[in-house]
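Keeping the supplied structure of chain P fixed, place chains B and D upon it in accordance with the hints.
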Amino acid sequence: MAEHDLRLRVDGRDVEVPAGHSVAAALANLRLPARRSIRGHARAPLCGMGICFECRVTIDGKRLVRACMVECKDGMEVLTRDG
Amino acid sequence: MTDVADAIVVGAGIVGAACADALAQDGWRVRVLERARPGGRATAAGMGHVLVLDDSEAQFALTRLGRDLWRARDWPPSVERDDCGTIWVAADDAEFDAARGKSEWYAARGVRTGLLDARALRDAEPELHEGLRGGLHIADDLVVHPPTATAHLLACARAHGALVEPLRSVRVVGDGNVELDDDTRLSAALVVVAAGLDTPRLLGHRPDALRIRAKKGHLVISDRAPGFVRHQLVELGYLKSAHGGTARSVAFNAQPRRSGQLLLGSSRQVDVVEPRVEHDMLAAMIARAMRFLPRIGSLPGLRVWTGLRPSTDDNLPFIGRLPDAPRTIVAAGHEGLGITTSLSTAKLVADLAADRTPCIDPRWFACDRSTAELAHG
Amino acid sequence: MDELDCEVLVVGAGPAGVAAAATAAECGRDVLVVDDNRHPGGQIWRRSVATGTPSIAERWLGRAQSAGARFAFPLRIADAHDPTRLVAVGDDGPIALRCEQLVLALGASERFLPFPGWTIPGVCGVGGLQALVKQGLAIRGQRVAIAGSGPLLLAVAASLREHGACVLGIFEQAPRSRVRRFGLGLLARPGKLAHGLGLLNRLRGVPRHHDAWPTRVEVRGSSLRATFRTTHGERTLDVDWLAAGFGLVPNVDVAALLGCRIEDERVVVDEFTRTTIPDVFAVGETIGIAGVEAALSDGITAGLACAGRDADARRAARARYRERRFGDALARTYALRDELRALAAPDTVICRCEDTPIADLAHCADAREAKLLARCGMGPCQGRVCGPALAFLRGWSRDSVRPPLVPLTFSELSALDEPPCR
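Residue numbers (my numbering), protein chains in the order written: chain P, 1 to 83; chain B, 1 to 377; chain D, 1 to 422.
Be a bit skeptical, because a hint or two may be false.
[Stated by the list, open to error] Here are some chain B residues pointing at chain D (derived, C-beta under 10 Å):
no., residue
1, Arg37
2, Ser187
3, Ser298
4, Gly301
[To be verified] Computed beta-carbon distance windows for the label pairs:
no., chain 1, residue 1, chain 2, residue 2, range
5, D, His363, B, Arg248, 36 to 46 Å
6, B, Gly110, P, Asp11, 46 to 56 Å
7, B, Ala247, D, His81, 19 to 29 Å
8, P, Lys62, B, Arg291, 17 to 27 Å
9, P, Lys62, B, Asp280, 23 to 33 Å
10, D, Thr230, B, Asp280, 29 to 39 Å
11, P, Asp11, B, Ala108, 36 to 46 Å
12, B, Ala120, D, Gly221, 54 to 64 Å
13, D, Asp91, B, Pro275, 50 to 60 Å
No lab work stands behind these hints, which were simulated from the structure alone.
Keep in mind that this is a model prediction, so the values were computed, not measured.
Backbone N, C-alpha and C fix where the C-beta goes; we use that ideal spot for every residue, glycine too.
Okay, chain P solo, but in the shape it has when bound:
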């Protein structure tokens, strides 16, 4: 089980998440969608395994990162406004 919490910055807001969690799981636990579709609808992970790109976010300035493929790291900056 996750022992200690990490601090993540999601859309400018500080949040605490347990170590070992994926960014996708962390966002889902915070009830946050991963992105807005091109017509503006909220979207969240579909496949959980890197295929569908529905959980894509911007992490530390890198766009199109699949949140389900990345573990949370302390100080990580996550943006969920990606198209």
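Coordinates of chains B and D only, in the frame set by chain P:
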């Protein structure tokens, strides 16, 4: 089996589609035969840049008329028409002088242009490298999505009675007839061959003329990055690279898509037909682009693909009757200008088919033209 | 660009890949295993943040490692045309992978079918929800409905229940009679039978429907209202999660780029798991959905074949064929019914990347036209969701795969050609 149509169009790329549309509007009963799906080959691979060019009077006439026809037509939203204009980017003083010369040349022919100094260029395109000397703005050029434009042209042709048949592969074209792979034989008063690279083969590799060779190109498209570039940007050195003698070349050519994506070209490899993406060409193309758009490196690239341009020895398409086969009109070999010149090509084909006074001097594009003769004539 | 050299390159660290790696390494081959994930195991052996890696996975991984197989994570294949030199991308950018033999163990992904509401957050895959829970999604006390098709529904339902989820119902589209016949067929397979009975035992009290499928989902306050068509008419549940997956589809993208023959959505292989490209093998779900035992048998066969141990490989192939027959039974039992082709409304999105409504495909004749005329499949997932859906809905085969297989920045793309720096 024999069947009759007034006019058969072989090939439903954008040139064939435009010819079908023009002939159908003229009252021909048109039948279009496409071996795969309409607009699926060179048409789908290209950028969809509709532009005037000044390589020669012939090229100018065909591109100018083509662009005018694009502008005059109502296109559905799916065609993604974007009147973004072109900026030819001048890297140094010599290129800026060339831009000035082009500006005057175009102005004398009634084409709207604007000369941009270094500052105006940066204002127009903030992502461009600050060391660039200036640019030539051609406001009336535009960008379209060729596959949907092709579909629209075919829909218009159908509305005028044309029959469009995908997945019908023509084996050989005779004078006033075609033979299909399934051994069907169709005859018509007129056969228009708009089959791009396949054209010489369909005509039985006539020894007299019609050399059309592949020039392979690479393109890469980014994820959405709205506003990164606002005009179609092309380096002034482009034509040197495009039509130069070298077997492999790259040039900077960046396009904003309606979707907000950035489409980046371009590369040329003469006589290469292997479709795979070549990393060295891709790397050279992107490296070239980085000299103009230094921050392009961080954009995510979604897809890379290649296409084969049908090119001719003098960089002009063949548009005209075959000398010894008067019921056959060729419309092929448009290289990278097939989208721009599809509509003007179709108009010329329709004029020739109807024996009307042609909209453009047809000798420039005649199948049996001699380059030397025209140059002196 | 950096390079990694090996004799046998295994792409995919699920059961098939790890079995191939362990076997080949034990035969003395120099083996490198790469995977897109940060931990080995693939999907079925996926590591859970709560419970770690399953022990059977640990055993196989231990075998592979003690035989000298190397692992490199996360590395995703970005381009492949020469099977002896693949280009992958990891956290530090692109890297070239050189090998003599290549084993593709690419696994499978879920087939998702569009129905009204399927894009609402909270609606996800069956394997998808399982993966998210293993990644740390808190499911305890959450109301879950599970729908779609295949044994995965039961396995995931049981697992979620053990993680504290309230599983309100399982909706299997296959007819009860066919599922029952499939169950009887397991009498000849004591291991699988025991597993199946175990699952049913763990699912006691959970309503299980057959001939049932989701028809729409709407947002109701902080819940999802999911509607199902069942043999007893319409059924509505208020849930936090609707997991819906309609079977599995082999991942074949790398094989497709290499030019391996693909039929029926799967890579074609011979007895020894050789594809139609020399020195390229394919194992596990990549060659057809048949479960973990088949994957292990495939991997063992490939590992032996890579080492030139043909007689042993032939023996292993016999087990492999037996396991593969289970796959045929799976396919027959869980074949998707025609009614599922009519679930989407005209405005239901088919391409989630480009928000293309399915009505926009009215005039398209194949997947390529859908792409060119309606932008369907043009987004970052490159048609990996809409492609398998349309394969079922319209019978369209997937459009050609294009590099890069995962988005790369322009800088990374331009680095693909750099000579190795050593």
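Going through the hints against the structure:
no., hint, verdict
1, Arg37, "holds, 6 Å"
2, Ser187, "violated, 27 Å"
3, Ser298, "holds, 6 Å"
4, Gly301, "holds, 5 Å"
5, D/His363 / B/Arg248: 36 to 46 Å, "holds, 39 Å"
6, B/Gly110 / P/Asp11: 46 to 56 Å, "holds, 52 Å"
7, B/Ala247 / D/His81: 19 to 29 Å, "holds, 21 Å"
8, P/Lys62 / B/Arg291: 17 to 27 Å, "holds, 24 Å"
9, P/Lys62 / B/Asp280: 23 to 33 Å, "holds, 26 Å"
10, D/Thr230 / B/Asp280: 29 to 39 Å, "violated, 59 Å"
11, P/Asp11 / B/Ala108: 36 to 46 Å, "violated, 56 Å"
12, B/Ala120 / D/Gly221: 54 to 64 Å, "holds, 55 Å"
13, D/Asp91 / B/Pro275: 50 to 60 Å, "violated, 31 Å"
Comparing the model with each earlier hint shows violations of hints 2, 10, 11 and 13; every other hint is respected.
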